[in-house]
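> Let the sequences and hints guide you as you build the complete structure.
Here are the chains, one letter per residue:
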Amino acid sequence: MMRIFSEIYSTYYKITEKILKKKTITKAEILDIIRENGFSETALFLEPKLLGEDNYGLLIKKNGVYQSILKKEPHIPLTILEKRWLCAVLQDRKSSLFLDKAQKEELCSLLGVTPLYQNRFLHFYDRFSDGDDYENEQYISHFRNILQSIHDNTLIKIGFNTRKGNRVTHYFLPLKIEYSSKNDRFRLHVVRYHKNKALETRIINLSRITLTECTDIIPTANYDEIPEKREVIIKITEERNAVNRFMMEFAELERISEYDEETKECIVRMKYDLKDETEILIRLLSFGPVIEVTEPIDFRKQMKERIDRQFLLMK
Amino acid sequence: MAVYSELIKSFEKIRDYVREFYIFGFRTRENYNGKSKRTYDNEKRRIESWLSGYIHTELIGHKKKVSVKIDSSNIYENPLYKCYKSKSYTDNDIRLHFLLMDMLNDKMMTISEITDKISEEYGMVFDTQIVRLKLKEYAEEGLIQSKKKGNTIYFTKSDIYADELLERYPAIKDMISFFSEEIPFGAVGNFLMHKADCVNRFFTRKHAYMVHTLDDEVLHSIIEAMENKNEATLSCIGIKHRNAYSITAVPLKIHSSVQTGRNYIIMYSSEQKRLLSVRLDSVKKVVKGIYRKDYDKYYQYYENNLRYLWGTSFGNVRRFGQTEHIHMEIIINEVSEQFILNRLIREGRNGIVTKISDGRYAYDVDLFDAAEASPWVKTFIGRIAVFETSNKELQDRFEEDIQMMHEIYGE
Chain A
65 MMRIFSEIYS TYYKITEKIL KKKTITKAEI LDIIRENGFS ETALFLEPKL LGEDNYGLLI
125 KKNGVYQSIL KKEPHIPLTI LEKRWLCAVL QDRKSSLFLD KAQKEELCSL LGVTPLYQNR
185 FLHFYDRFSD GDDYENEQYI SHFRNILQSI HDNTLIKIGF NTRKGNRVTH YFLPLKIEYS
245 SKNDRFRLHV VRYHKNKALE TRIINLSRIT LTECTDIIPT ANYDEIPEKR EVIIKITEER
305 NAVNRFMMEF AELERISEYD EETKECIVRM KYDLKDETEI LIRLLSFGPV IEVTEPIDFR
365 KQMKERIDRQ FLLMK
Chain B
1081 MAVYSELIKS FEKIRDYVRE FYIFGFRTRE NYNGKSKRTY DNEKRRIESW LSGYIHTELI
1141 GHKKKVSVKI DSSNIYENPL YKCYKSKSYT DNDIRLHFLL MDMLNDKMMT ISEITDKISE
1201 EYGMVFDTQI VRLKLKEYAE EGLIQSKKKG NTIYFTKSDI YADELLERYP AIKDMISFFS
1261 EEIPFGAVGN FLMHKADCVN RFFTRKHAYM VHTLDDEVLH SIIEAMENKN EATLSCIGIK
1321 HRNAYSITAV PLKIHSSVQT GRNYIIMYSS EQKRLLSVRL DSVKKVVKGI YRKDYDKYYQ
1381 YYENNLRYLW GTSFGNVRRF GQTEHIHMEI IINEVSEQFI LNRLIREGRN GIVTKISDGR
1441 YAYDVDLFDA AEASPWVKTF IGRIAVFETS NKELQDRFEE DIQMMHEIYG E
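Chains as they are written, first to last, in the working numbering: chain A, 65 to 379; chain B, 1081 to 1491.
Just so you know, the hints here were simulated from the structure itself, not pulled from any lab data. Since this is a predicted model, take the numbers as computed values, not measurements. Hints should not be assumed to be uniformly reliable.
Distance condition first, Cα-Cα at most 25 Å in a straight line; then the derived DMTMM-like pairs of lysine to aspartate or glutamate [stated by the list, open to error]:
#1 A:Lys126 - B:Asp1171
#2 A:Lys86 - B:Asp1207
#3 A:Lys158 - A:Glu242
#4 B:Lys1197 - A:Asp118
What follows is the structure, encoded as structure tokens:
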């Protein structure tokens, strides 16, 4: 039976494989590999099993260094589980961003397995309906050009339509591609350059891009801007299973929580990107009166304004 | 007494602890009723070791609380995948793993030849039965292929390798990097990444529920049942009341939420003659049941009912099949607030949006359980001119909620 939780995918096997790939290796090097690839206590448990008295017998000590007993470097083939996953991925529309139809068919036939799952088994019921068109040729071409520029660390000329309908064209250094499962959309994080000077960071929706042209310009000036994070403090009551619902819904964000056994209330300090403030605000409104934003004051004020407006509408 | 190890035999054992530390993170050792303090300490120590760098500890009086702190927007590799890489094994397991992978390279051998060669060339002695079991296991996992010639079975290593695939199709490196962070089964993609020594450097996630990976083993069993059109018996622990129960029904679909982080299995219960949903994270064990020849009929029944489903609730058991209506009117600024109208359309699922007049739009929908749409309705607070529903309780609650919120933020 295929297993996901199996020792063949384990950290200890992987570390041992890395060590056995070396022709000769010192104890210090072995410990470095363990520290680099293991959990925080792995050295404590794995080192004796590789080098101690009661060891696995996969290494022998000669002239103060260790040698693998294997004839060749370990080379582990793909498991059926891995092949089936890859096959399932090829069925996803987004795989067209990376491979052409013919390549996908060829790869699928080479793998010779059935997909691990069918997309039809899953229904993302609250995903927005206006997601990106991943099979659009222009979209694919822009996506691949951007990927190329990220790999090469070169500037790319991008033309796109802004939300207000203006067309803008600039040179950018692409940093990362962000995918939102909720929006079913890719967004590109970039730094805008002008005459080799880094000006600002931006986020561009892939679907708004109308032009991409790769260049061979490697920018010399760096631009490090850490996105501005804000913290909001929220009080959550136990009513309507709110603590459970809230903690699950906002699991994606960095949070610190405290539970007061006496009041049966949970206080959560939650960090978010400033650019997402409106989205966070409406998500908090959706919880109704079972939560309360206590700080910061300006965030609380925004909540209050909307609630006051609603109160008046219902009078 | 067993000696402590970083590795574990059963994934189920730590699934709840990881979830608890990651999702809630406010409980201390004293809150874990029903578990011995030693068990808690051991599981905590393991999780601290696997997820070091993401662990936050805090003293509440003299009690220590542990949480896993992750900002998913800056994560390139889901740290929770590490939990899947902690399976325990025996010394013989790891020895045979590397010996078999070494000696079966481009060679076909019988079990006795393999056992002899291990002894002659590697100086280790194994019982033939142990070798046989490992070969059988590896053939099932796909690391080894077996071929029968006459009465003899020959074994050889499988011949598809991650590095060779990447050489032939360079673009799949990025594809694997991206999909290894997707649901479902991203962990499997992560195994593949590590096999190919790939690192994701470019793809990040927004609105990502990394915790879903903890349910992948359970999900795999359910998907297998769906694939084979089988019934399944689920042993569950209720999320809210922690009550143990089991249910036997036909799994039809996985309903996954990209906004609330909850996943459900939609099933048809022949006993109750109705559709129902079960939280995936409440399922502890899945036992595959009989093949249902009428599976397609149940699936069609689900499809026919889908348009009345806001998320996963089929409403009150006693009123199964009956729908409730929501009528909402929204006020927007026609010039500057078209995005609100766009929200109504793209987020409103099966509802219908109609223009009443300039700046005023109606939204109408029929649902099995109107209350399920209530959180979404509240995201429009400040713009709702009319909210009417045939669900009297929801109607009253909506009005009370606005009143209460007004009082909370009133000063």
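> A separate judgement is required for each hint: does it hold in the structure or not?
To see whether the hints hold, each was checked on the structure:
1. A:Lys126 - B:Asp1171: Given that 25 Å is the threshold and the Cα spacing comes to 22 Å, the pair holds.
2. A:Lys86 - B:Asp1207: violated, 29 Å
3. A:Lys158 - A:Glu242: holds, 13 Å
4. B:Lys1197 - A:Asp118: It holds: about 23 Å lies between the C-alpha atoms, which stays within 25 Å.
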